[in-house]
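J.: So the sequence lines, in the order shown, correspond to chains A and B. Heads up, the first sequence is in numbering that gives the first Met the number 0, so the first residue is 0 and it goes up one at a time. Heads up, the second sequence is in numbering that gives the first Met the number 0, so the first residue is 0 and it goes up one at a time.
Bear in mind the hints are in silico, worked out from the structure with no lab data behind them. Certain hints may be false.
As a list, the in silico BS3-like pairs of lysine-lysine whose alpha-carbon atoms are at most 30 Å apart [as the list claims (entries may be wrong)]:
#1 B:LYS190 x A:LYS2
#2 A:LYS123 x A:LYS163
#3 B:LYS145 x B:LYS27
#4 B:LYS181 x B:LYS27
#5 B:LYS181 x A:LYS1
#6 A:LYS111 x A:LYS34
#7 B:LYS181 x A:LYS2
#8 A:LYS244 x A:LYS34
#9 A:LYS1 x B:LYS27
#10 B:LYS362 x B:LYS445
#11 B:LYS182 x A:LYS2
#12 A:LYS230 x A:LYS163
#13 A:LYS2 x B:LYS24
#14 B:LYS445 x A:LYS2
#15 A:LYS5 x B:LYS190
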Amino acid sequence: MKKFLKNFLIFCIPFALLLVALELYVLYYPSTFNKKAHYLHDNKENIELVVLGSSHNQNAINPQWIHLNTANLANASQDIQLDAALFFKYVPQLKKLKLVIFELDYFTLEEKNDTTNFRLPWYKRFFNIEPYPISILHRISLYSSQPSFFNKLLIDAVNPKKTKYQLNKFGFITNDFPGVMEDLKYDSTALAVTATERLNNKHIDTSVYNLNFNKTKLNAMLSYCVANNIKILILSSPMYSTYIKNEVKLKKEWNKIYIDSLIKANPAFNYYNYESDSRFTVRDFKNDDHLNSNGAKKYTLIIDSLVKTIVKN
Amino acid sequence: MLFNSLSFAIFLPIVFLLYWFATGKNLKAQNILLMVASYFFYACWDYRFMFLLMFSTLLDYFTGLQMEAAADKKRKKFWFWLSVIINLGFLGVFKYYNFFIESFADGLSMLGIQAHFPTINVILPVGISFYTFHGLSYVIDIYNDKIKAEKNFVDYALFVSFFPLLVAGPIERATHLLPQIKKQRSFDYSKGIDGLRQILWGLFKKIVIADSCAQFANIIFNDSANQSGAMLVLGALFFTFQIYCDFSGYSDIALGTARLFGVELLRNFAFPYFSRDIAEFWRRWHISLSSWFRDYLYIPLGGSKGGTWMKVRNTFIIFLVSGFWHGANWTFIAWGLLNAIYIMPSILLSTNRNNLDIVAQGKILPTAKELIQMFLTFSATVLAWIFFRAESLTHAFQYVGDLFKGLFDKAAYSTAWQYFRSDIGWVLPVLLLFFMITEWMGRENKYAIEKWGFRFSRPVRWAFYYSIVLIIFYFAGLGNEQEFIYFQF
Numbered sequence: 000m001k002k003f004l005k006n007f008l009i010f011c012i013p014f015a016l017l018l019v020a021l022e023l024y025v026l027y028y029p030s031t032f033n034k035k036a037h038y039l040h041d042n043k044e045n046i047e048l049v050v051l052g053s054s055h056n057q058n059a060i061n062p063q064w065i066h067l068n069t070a071n072l073a074n075a076s077q078d079i080q081l082d083a084a085l086f087f088k089y090v091p092q093l094k095k096l097k098l099v100i101f102e103l104d105y106f107t108l109e110e111k112n113d114t115t116n117f118r119l120p121w122y123k124r125f126f127n128i129e130p131y132p133i134s135i136l137h138r139i140s141l142y143s144s145q146p147s148f149f150n151k152l153l154i155d156a157v158n159p160k161k162t163k164y165q166l167n168k169f170g171f172i173t174n175d176f177p178g179v180m181e182d183l184k185y186d187s188t189a190l191a192v193t194a195t196e197r198l199n200n201k202h203i204d205t206s207v208y209n210l211n212f213n214k215t216k217l218n219a220m221l222s223y224c225v226a227n228n229i230k231i232l233i234l235s236s237p238m239y240s241t242y243i244k245n246e247v248k249l250k251k252e253w254n255k256i257y258i259d260s261l262i263k264a265n266p267a268f269n270y271y272n273y274e275s276d277s278r279f280t281v282r283d284f285k286n287d288d289h290l291n292s293n294g295a296k297k298y299t300l301i302i303d304s305l306v307k308t309i310v311k312n
Numbered sequence: 000m001l002f003n004s005l006s007f008a009i010f011l012p013i014v015f016l017l018y019w020f021a022t023g024k025n026l027k028a029q030n031i032l033l034m035v036a037s038y039f040f041y042a043c044w045d046y047r048f049m050f051l052l053m054f055s056t057l058l059d060y061f062t063g064l065q066m067e068a069a070a071d072k073k074r075k076k077f078w079f080w081l082s083v084i085i086n087l088g089f090l091g092v093f094k095y096y097n098f099f100i101e102s103f104a105d106g107l108s109m110l111g112i113q114a115h116f117p118t119i120n121v122i123l124p125v126g127i128s129f130y131t132f133h134g135l136s137y138v139i140d141i142y143n144d145k146i147k148a149e150k151n152f153v154d155y156a157l158f159v160s161f162f163p164l165l166v167a168g169p170i171e172r173a174t175h176l177l178p179q180i181k182k183q184r185s186f187d188y189s190k191g192i193d194g195l196r197q198i199l200w201g202l203f204k205k206i207v208i209a210d211s212c213a214q215f216a217n218i219i220f221n222d223s224a225n226q227s228g229a230m231l232v233l234g235a236l237f238f239t240f241q242i243y244c245d246f247s248g249y250s251d252i253a254l255g256t257a258r259l260f261g262v263e264l265l266r267n268f269a270f271p272y273f274s275r276d277i278a279e280f281w282r283r284w285h286i287s288l289s290s291w292f293r294d295y296l297y298i299p300l301g302g303s304k305g306g307t308w309m310k311v312r313n314t315f316i317i318f319l320v321s322g323f324w325h326g327a328n329w330t331f332i333a334w335g336l337l338n339a340i341y342i343m344p345s346i347l348l349s350t351n352r353n354n355l356d357i358v359a360q361g362k363i364l365p366t367a368k369e370l371i372q373m374f375l376t377f378s379a380t381v382l383a384w385i386f387f388r389a390e391s392l393t394h395a396f397q398y399v400g401d402l403f404k405g406l407f408d409k410a411a412y413s414t415a416w417q418y419f420r421s422d423i424g425w426v427l428p429v430l431l432l433f434f435m436i437t438e439w440m441g442r443e444n445k446y447a448i449e450k451w452g453f454r455f456s457r458p459v460r461w462a463f464y465y466s467i468v469l470i471i472f473y474f475a476g477l478g479n480e481q482e483f484i485y486f487q488f
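Using the sequences and the hints, build the whole thing.
T.: And the structure:
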């Protein structure tokens, strides 16, 4: 038995080392999460603007083009519960904070993760927040949260033919990856024809429970801002026409009712809806609901001029 | 808890270490530990069905004792039938009730009578077909005075619930497994290594080959109406490899795991795709089930002793029952029927025991005749698997009917080939080739890599194992994990 265990352990050593190496890679490779976390942690004393939201704001607002010291904490599939966890963990620590940008796109209020979202352990690891329960294994090993994702990342990293992510110091991805717009050569007809198949089931779920849950969380964040004299900017990001056509009317109505009531009750809130803004053309989009780097620059500059006005007042 | 899951990778070493170190090698303690671990393993699927397993175990244990204590044949018969009826009753309710009710209603509707019968909405308890057959073989053997009833409840409960075989076999016999459970077991280094090697090969088959093939097979079968004949052939081939690697992979893991605890389980597969005729295929595919039906159904029905008609009738019966055992769907019955038809010529011509040896034994390559025989048998099997995999008989017939669609369309073959090597490039075709060569080279052993590299030095052997582990890791990371097909049975 001793010989068996000894040989087995010796056999396992390279795999143990490989797993450790993978874990270290996952922890230290320049991801949007660790870049954003590092920037935030290193600049707590100077952050003046915080951006929250999902991949829409993540891809749309490049802090590089904003005159205030900005931390864009928006991430893919980040719902309001995660927004709130980040907000209440960090906003009280940011002494120079002047403004918070909230994302309120058409789907935002009814979106809620479940515990299977593979990015949840990343929030724990990089921001030390845990609004959703995380398994012991995922606490120990970030790699285990989504091995397929990290395997692909690793393989792409060593594949010279693959485009590598380029991140600026704010954790914003500055280079464009091929998206459906580029794939279909920005042909609006082709995009319209293929939209139904592409956008099938995209952001169509309706849930009164999620709506109420998210409203409560969002209201709590807004109230905190009001109480602490932090300005609020609520934005609906630009979307391509195919995405807008796919929207569920009921959801849109609920969203509008909530925003109207919010603004009516608090006229000082700044709400701007860029969803159908005609300044954004097909060439500003990566896909139906995400801006590319050109679109992001255009959008961020518009937002920056707004920020200037809001902060001045 | 799947064999190819992280939780099993944690569970197995814990049980292994406790088994050999914490029990002081006391047989009673080892058996209790294995029984508790097995129930825990089963409860991980759904704890509620643990009570069904307990009940089934208690029933067979109790009726076994009663049969042995029965003063007369009549009483013995009573206890025997009580056990058989309740066991099959559970199986009937959980697995077949809805099928019978719906088929009956469909039959009435064909006669113009509209009838609505209540159906039940239950999940099929995992492994119920397997542990029910364990229990049945036990009570039948006691009834036939082949074995004595087991007095020790823990030993009997372990025989039924031993976790490596609990959910998908091999279907063990009391005559084979119970003596091992009752015998003092000591750790054997070479058997331990052999167990790990078989687990490794099972994981390779399941995670690398079966789960990858499943991705393609599912896409093609789910959209078969819009596929060319070439693609449909490809889909059927993918499923052929999927089901073999899925089930034999599971069996390898089960056998290897059991060996780590000093237990030898029945062999379930013996390279069936290298069979030269259908009879040989059935001696090599799901051996524990085939032999179960042979011993407990075919032979009691008269076997091959009663003339040609009796042989034909009994062959059809066991193939139809075998098909039905797999699931409550006409597709499985059609699959069984098709196999019965396949085997009929060899039954009628008494050539069904022609190929009892291993193909091309002692040689590297088969003869041209053997190659043709293997190709024809394999092709017939591929065709039968279409019925097994299809959602319904209509789907199966549509699939088979479309197989020859665009038979001479070069573009269709080109698309199929592109598809075959897409996604992960050449990796899958190369791995399939490697797999088939390895299986062929190892066909004289219990499993393909049983004696691989024995003549090489340790670094070479380990390099081979490391490569296999790395490939498994890579494919496991792709997130294509599929449940074992036979868990649904």
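J.: Does each hint fit the structure? Answer for all of them.
T.: How the hints compare with the structure:
Our distance criterion of 30 Å between C-alpha atoms is met by B:LYS190 and A:LYS2, whose separation comes to about 13 Å. Of the supplied pair hints, the one linking A:LYS123 and A:LYS163 holds, its CA atoms being roughly 26 Å apart against a limit of 30 Å. With a CA separation close to 25 Å, the supplied pair B:LYS145 and B:LYS27 stays within the 30 Å bound. At most 30 Å may separate the alpha-carbon atoms for a hinted pair to count; B:LYS181 and B:LYS27 meet this at roughly 9 Å.
With a C-alpha separation of about 25 Å, the suggested pairing of B:LYS181 with A:LYS1 holds against the 30 Å cut-off. Among the hinted pairs, A:LYS111 with A:LYS34 is consistent with the structure: their alpha-carbon atoms are about 25 Å apart, no more than 30 Å. A threshold of 30 Å between alpha carbons decides the hint, and for B:LYS181 with A:LYS2 the separation of about 27 Å falls inside it, so the pair holds. As the CA atoms of A:LYS244 and A:LYS34 are separated by approximately 35 Å, the hinted pair breaks the 30 Å bound.
Pair hint A:LYS1 plus B:LYS27 holds up; C-alpha atoms about 23 Å apart against a cutoff of 30 Å. Distance hint between B:LYS362 and B:LYS445 is fulfilled; the C-alpha atoms sit about 17 Å from each other, no more than 30 Å. Taking the CA atoms of B:LYS182 and A:LYS2, the gap is about 24 Å. The hint holds against a cut of 30 Å. The straight-line distance between the Cα atoms of A:LYS230 and A:LYS163 is roughly 37 Å, outside the 30 Å bound, and the hint therefore fails.
For the hint pairing A:LYS2 with B:LYS24, the CA-to-CA distance comes to about 17 Å; that is within 30 Å, so the pair holds. Annotation: proposed proximity of B:LYS445 to A:LYS2 holds, straight-line Cα distance about 24 Å (limit 30 Å). The straight-line distance between the Cα atoms of A:LYS5 and B:LYS190 is roughly 15 Å, inside the 30 Å bound, and the hint therefore holds.
Violated hints for the displayed structure, listed by number in ascending order: 8, 12.
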